[in-house]
Amino acid sequence: MDTTFSRRKFLRSASALIALPALEAFGGTPASPAASSAAGAAVANGPKNFVSIGSYLGWHQPAFFPKTAGRDYVMPDSLKPIEAHRDSFTVFSGLDHRAPNGHNAWSNFLCGNTPRSYSLDQQIADQISGKSRFASIELATGMGEGAKSMSFTRQGVGLPPIMRPSVLYRQLFTSKASRERTEYLIKSGQSSLDSVLDDAKHLQANLPKRDREKLDEFFDSFRSVEQKLERQLTALDQPAPEPSYKLPSYDPITPNLQMEAGSIMYDLMALALETGSTRVISLFLDGLGQVFAIDGEVLKAGYHALSHHGNDPEMIRDLIAIERAHMECFSGFLHQLSERKNPEGKSLLDDTVILLGTGMGDASRHSNANLPTLVAGGGFKHGKHIAIDAKAKDAPLLGDLYITLKQRLGVEADSFSNASRNLNHLFS
Amino acid sequence: MFCRGLRKHSKAAIIVFVFTGIAAQAAAASKSVIPDDVISILEERCINCHDAEDGKGGINLNHLEIDWNAKDAAKVWEKAYNAVAYHQMPPLNRKQLASDEKKALLGFLHEQLKQHTPIGGTLPRRLNQLEYQNSIQTVFQMKDFELPIGFPRDTREHGFDTVSEALVLSPPLLEAYHEVARQVADELFPPVKEKPPVTTWTAGIDDLVLSFSAATLHGDALRLASRSLDIMRSCTWPSKIEITASGKYRISVSTSAFRPKRGQVMKLEVRARDVAASDRSRANVFRLLKEIEVTSETPETVTFEAELYEGQTPLFRWVNAELDHEPEAFSALLEKHFKDQRFLAAWQEMLFPGNPRKRISVTPLRGRNGWDIFQRHYKNPDLNLTDATPDNRYTKAAINMAKNDGTARELGDTLTYYYHEKGPALQLHSVKVEGPFKLVDGPRDLQRRKYREWNFGIRKEGESDEAYADRGLRMYLPRLFRRPVDDKVRHSYLEIAKQHWAAGHSFDEGMHLLLRSTLVSPRFLYREINSGELDQFDLASRVAYFLTRDAPTSTIVIHARQGKLADPKVYRDTLESLLPRSPGSPMIRDFTEQWLDTRILPEIMPDEKFEFSPEEISVAKAEVEHFFFTLLHENRPLRDFIDPDFLTTSKRFAMEHYGYHIKGEKRINPNATYITEHRKIERLPIERGGIRGGLLGQSAILMATANGVDTQPVLRGVWVLENILGTPLPPVPSNVPALTPDTQGAKTPRDLLTAHTKSPDCRGCHQQIDPIGFVLENFDPVGGWRDEWPRINVAIDASGVLPDGTAIKSYPDLKRWIVENIDVFAQCLSEKLMIYATGRIPSYAEKQEIKQIVAKIQHDQGGFKDLMLALMESKTFRTR
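Residue numbers (the numbering used here), protein chains in the order written: chain A, 1 to 428; chain B, 1 to 880.
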């Protein structure tokens, strides 16, 4: 049942078709990623976007970490599919957040030492998203243990990821029907506002001063929301991107279609970044008992069972096959980003900091130490495997790397979770 | 010099009053001249720091009279009163007040504050998040309505998220209200659906889901072998078919039997699976569509019609398969297989390989991996058969593993392959779904109709749009706005729909818009809009939201409508009928979570060394809720909050963490999972006066006042002062560094703190904080008892002297002291309840009313329930 490969090929070519028109159509609109953030000044030419990708069942360490440190390492098994981009990414070993172990603490990936706290992507989104249409977009493929969150707001609220490509597609490129519905809801709502406000004024009229002031919050908010709706209506009038991108007639949300879902999500992610619809995207690769067929061969066990390989070589072989399939999809993403250039000739890849990793260091033992981590794009000097000795005194933490990523994106930061240094020097 | 400063200032003030004319004269009515003896006390003891120039802590006491109209006057003078009353001022290195001076100063302030602070003062209260969600559930009878994720949170002020001043309405919140309004309107008056054209979906075996070991592919067939109710272990379903319109569909399945036993009739069950449902679902939660009998060994197609609803796909399970993953059935089946000696020997070899045999992890043996290993052994001509006897210990161990819940499921995934390869197995070849031939109302459509009829009634024959809508509004608006709605207001909302209809929109669209508008009306979003004494309806709201965290319904509404809440007896009966009825009721949960800070428990991750699981945290939290409920429900005396003769926790938890002994009960292995039985909260008798029993010995509270890793005496001390004793503390000075435990040296926390607080400025508060903090040091960060400080291994010195001179040696002494001064606790608890219920901080005068209530309850030997009822009968409660 090797439907994935051909589909992937089809999608890649389909999205390549729309790359240029979409870019031209959106190069100059206000919604485009004109460096609107306050931090823009600090790194005027720095990257603008942040993408994080996390795998629930981790990445098998021996197949992810190169054997040697430095530049000329032999590409490890899981990373072979992205070999072509080796000068566009850096592999890190020996980093983690010193967070608790186990599946429950998985969210340490982006949250640091305290799982389920304000996550890296949200910290960045709150600083740089400015006027883009979506402050951030959260996605998932593979529907494992339900709507797990990778991203958490400042208040520690987990943001539910979108699992259906069709939903993401509708949000990015609203269909005519749904634009009409939105427009109707806004316009009809506006028509009734006066009645509600009249009633509220009537209610407020006889109150003492302090109470009237309290209710002024209501009127102030009403005005502000009304203005926002007005802006939304204007936005609705502008031509929406209408990519010729074709979604399949079903949503690949059953777990065994994870790779298919992944490649579509990556295509839509590239489109979302290119059209400036958002600056920050997180993608969660879930995993449960799904049995994959890869290159026509049905694997030996479900994904979760394989991750508990107990060092059985055949189980590990199949686990790596899954991880390689994930990397195939990721490779397509890197490819698309590197091909798309803005009018100044800068590639979308250079404009996007990509963090690929996990909150689980070794799923077989449920250990959350030594998290496999990879940073791509963002205009960094890449090409190396940076091996950190975690046992060394004052060994750097994964959070130190995150500080570097934040700074790169123009976010002023000198701490992240339990970390308070940075790894800027490693990229020079 | 002080005198000069004072005089100068006040002269200037008087001049200002002259020039400001009328306004100043009106204000003059609420001014109190400070008598000379008090002025001289203030001048000598306070004004050096607290004048207009220095104004330490933002406090200026340099006045000749108190202008009660001045901003914050009541706050400033109450602070001054408290600082002196609680020995926090003057600082210890300054001259102290003589006792007659103190009496004069406090006496004057007490009388003045009592006279000049108001009863009432809550602002119009926006519903907070919980109240808003519950109100929508109740008003619309949408029991499973939940706020969208990311709904803006409320701010906690003075410990509670019910305080009117902090309940701000921000633009993002109003936007969220609009969004919820749309969602609710969509439920009652959904947009019209259109029938999609008839479509045919076909799924070959490549388009059917393989989950764990439930199914495998063989040529053109997909084989099923288990009847487990866990769909992920037994079922398959199409991965690319998902119905988008509820309707009648035609389903065709091509099946065959693989190596059936003679005469075997295989039964294939087809159910309607919600695509978005978890793979961990049990088959029987999905609606049965059809049972198909499969007997032929060559493919046969069965076609039937069935209703499939939005979001569904057909699910297939072989219901009478031999294999089940449930331990009982699985172990019995395995024993049958063990009759084949080679099978038994190979199975033993798989589970316990080597010589001597050793047990290995089962997890990697799950599924095909185990099966491959098994087969290798089975086919090995040198397979060792010596252990393959029924009584052998490895045979028994293998059967025991099959009887264990977890390993049965894993090994079931292995044995499945036996059937997939050798049969009998049920084969699927393809699935086809065609439709919809006709749209039907799915469960969601029916639910929506129910919502609509409940809220707006059923249209009468011949009733016009307007008449029907108006009739609906008469029922709906008073429920939503929590009070009768006059014709004028009702018509103004009806007008919204009428105009929309006039503009050419349908009835439903008009109603949709009308409904959205009512949901963003301040009449719904705010309660207690009118100031002064609460009228019957606002009173009903205050009572209902306090006791049930929900909008008022049924009896209390009827009483309010008839004005009967003014009748003290009716009022009291109503209050009693609304008191929480279970430990999990929203009021108890919400109030204790905020008062005692147990809301943060799920976020605390205790250090691994404490081996404290999430289940134990939930038991600890339940203990607090059950405890609070018991005291209320049984009207226990207030002292029982501190020193009761019972525990409310589970047996296992009490034995494991509280050193509790039960005759004849064995302690359970602390590493074992807390199963349901271990989490069952019971009432366990104890002696009074011991370490356990009472709030301060409860794991949840000791955990909430630590950080999961270590304890800090200051934090716990402050917490007890604020939440148990109600001692007002000034804000923490900003220039003090935090204490960090000494991990290298051998200093005890006590040594560290002594060094930290040697300044006399600090000691005023710390002499109150520290003794309480240290006496709780015997409790570790999860509430376990310890005798030594960790790391330095020095015996904990818990002794201290309380501000009133009482010496305490260990925690039971503190308990005894609080019980002796139980009114202090009762006052504190009452004030917390009143903040929570009324949405404001009680004024000085209101605190005096509460004090009288507490005194009366104690005098009458009343209990906690009496106290609650009396508080709700107070003027403070009944005034906005």
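The set of hints was computed from the structure by calculation and includes no laboratory data. Glycine residues also receive a C-beta, built at the ideal position from the N, C-alpha and C atoms. Where hints are given, some of them may not hold.
Calculated pairs, DSS-like style, for lysine-lysine (alpha carbon to alpha carbon, straight line, at most 30 Å) [as the list claims (entries may be wrong)]:
1) Lys80(A) - Lys391(A)
2) Lys498(B) - Lys187(A)
3) Lys609(B) - Lys498(B)
4) Lys71(B) - Lys187(A)
5) Lys209(A) - Lys71(B)
6) Lys143(B) - Lys246(A)
7) Lys209(A) - Lys403(B)
8) Lys209(A) - Lys31(B)
9) Lys176(A) - Lys67(A)
10) Lys209(A) - Lys79(B)
11) Lys176(A) - Lys248(B)
12) Lys246(A) - Lys248(B)
13) Lys498(B) - Lys176(A)
14) Lys246(A) - Lys75(B)
15) Lys393(A) - Lys193(B)
16) Lys187(A) - Lys193(B)
17) Lys267(B) - Lys488(B)
18) Lys75(B) - Lys209(A)
19) Lys747(B) - Lys393(A)
20) Lys488(B) - Lys201(A)
21) Lys176(A) - Lys261(B)
22) Lys391(A) - Lys609(B)
23) Lys209(A) - Lys875(B)
24) Lys391(A) - Lys865(B)
25) Lys114(B) - Lys193(B)
26) Lys498(B) - Lys248(B)
Quick list of the computed label-pair ranges, beta carbon to beta carbon [to be verified]:
27) Lys393(A) - Lys75(B): 49 to 57 Å
28) Ala277(B) - Ser166(A): 16 to 24 Å
29) Thr182(A) - Met475(B): 25 to 33 Å
30) Ser166(A) - Glu300(B): 50 to 58 Å
31) Thr199(B) - Asp72(A): 53 to 61 Å
32) Lys875(B) - Thr234(A): 32 to 40 Å
33) Pro197(B) - Gly102(A): 44 to 52 Å
34) Pro196(B) - Lys341(A): 37 to 45 Å
Evaluated hints:
1. Note on lysine 80(A) and lysine 391(A): the hinted pairing holds, with a Cα-Cα distance of about 29 Å set against a maximum of 30 Å.
2. Distance hint between lysine 498(B) and lysine 187(A) is fulfilled; the C-alpha atoms sit about 16 Å from each other, no more than 30 Å.
3. For the hint linking lysine 609(B) to lysine 498(B), the alpha-carbon distance of about 68 Å lies beyond 30 Å, and the restraint is violated.
4. Restraint check for lysine 71(B) and lysine 187(A): the C-alpha separation of about 45 Å exceeds 30 Å, so the hint is violated.
5. Our distance criterion of 30 Å between C-alpha atoms is met by lysine 209(A) and lysine 71(B), whose separation comes to about 15 Å.
6. A distance of roughly 39 Å separates the Cα atoms of lysine 143(B) and lysine 246(A); the hinted pair therefore is violated under the 30 Å criterion.
7. Note on lysine 209(A) and lysine 403(B): the hinted pairing is violated, with a Cα-Cα distance of about 73 Å set against a maximum of 30 Å.
8. At most 30 Å may separate the alpha-carbon atoms for a hinted pair to count; lysine 209(A) and lysine 31(B) meet this at roughly 22 Å.
9. Between lysine 176(A) and lysine 67(A) the CA atoms are separated by roughly 53 Å; this puts the pair beyond 30 Å, and the hint is violated.
10. Proximity of lysine 209(A) to lysine 79(B) is assessed by CA-CA distance (about 26 Å); at most 30 Å being required, the pair is judged to hold.
11. Restraint check for lysine 176(A) and lysine 248(B): satisfied, since their Cα atoms lie roughly 28 Å apart, inside the 30 Å limit.
12. Between lysine 246(A) and lysine 248(B), the direct Cα distance comes to roughly 28 Å. Compliance with the 30 Å bound is thereby established for this hinted pair.
13. For the proposed pair lysine 498(B) and lysine 176(A), the alpha carbon gap of about 28 Å is at most 30 Å, so the pair holds.
14. Under the criterion of a C-alpha separation no larger than 30 Å, the hint pairing lysine 246(A) with lysine 75(B) is inconsistent with the structure, at around 66 Å.
15. Distance restraint check for lysine 393(A) and lysine 193(B): the Cα-Cα separation of roughly 65 Å exceeds the 30 Å cut-off, and the hinted pair is therefore not satisfied.
16. In summary, the hint linking lysine 187(A) to lysine 193(B) is supported, as the alpha carbons are separated by about 21 Å, within the 30 Å threshold.
17. Distance check on the hinted pair: lysine 267(B) and lysine 488(B) sit about 65 Å apart at the alpha-carbon level, beyond 30 Å; violated.
18. For the proposed pair lysine 75(B) and lysine 209(A), the alpha carbon gap of about 20 Å is at most 30 Å, so the pair holds.
19. For the given pair, lysine 747(B) sits about 24 Å from lysine 393(A) by alpha-carbon distance, which is consistent with the 30 Å threshold.
20. Restraint check: the Cα-Cα separation between lysine 488(B) and lysine 201(A) comes to about 14 Å, which is no more than 30 Å; the hinted pair holds.
21. Of the pairs offered as hints, the one joining lysine 176(A) and lysine 261(B) is violated, with about 58 Å between alpha carbons and a cut-off of 30 Å exceeded.
22. Of the pairs offered as hints, the one joining lysine 391(A) and lysine 609(B) holds, with about 21 Å between alpha carbons and a cut-off of 30 Å not exceeded.
23. Restraint check for lysine 209(A) and lysine 875(B): the C-alpha separation of about 23 Å stays at or below 30 Å, so the hint holds.
24. Simply put, lysine 391(A) and lysine 865(B) have alpha-carbon atoms about 59 Å apart, too far for the 30 Å limit, and the pair is violated.
25. A threshold of 30 Å between alpha carbons decides the hint, and for lysine 114(B) with lysine 193(B) the separation of about 65 Å lies outside it, so the pair is violated.
26. Restraint check for lysine 498(B) and lysine 248(B): not satisfied, since their Cα atoms lie roughly 37 Å apart, outside the 30 Å limit.
27. Separation of lysine 393(A) from lysine 75(B) is about 52 Å and conforms to the stated range, judged on CB atoms against 49 to 57 Å.
28. Between alanine 277(B) and serine 166(A) the beta carbons are some 18 Å apart, a value that agrees with the proposed interval 16 to 24 Å.
29. At roughly 31 Å, the beta carbons of threonine 182(A) and methionine 475(B) sit within the given window of 25 to 33 Å.
30. Checked against the hint of 50 to 58 Å, the C-beta distance between serine 166(A) and glutamate 300(B) comes to roughly 35 Å, which is inconsistent with it.
31. The given range of 53 to 61 Å is respected by threonine 199(B) and aspartate 72(A), whose C-beta atoms sit roughly 55 Å from each other.
32. Distance hint check: the CB atoms of lysine 875(B) and threonine 234(A) are about 54 Å apart, inconsistent with the given range 32 to 40 Å.
33. For proline 197(B) and glycine 102(A), the hinted distance range of 44 to 52 Å is satisfied, since their beta carbons lie about 50 Å from each other.
34. Look at proline 196(B) against lysine 341(A): about 41 Å separates their beta carbons, and that is inside 37 to 45 Å.
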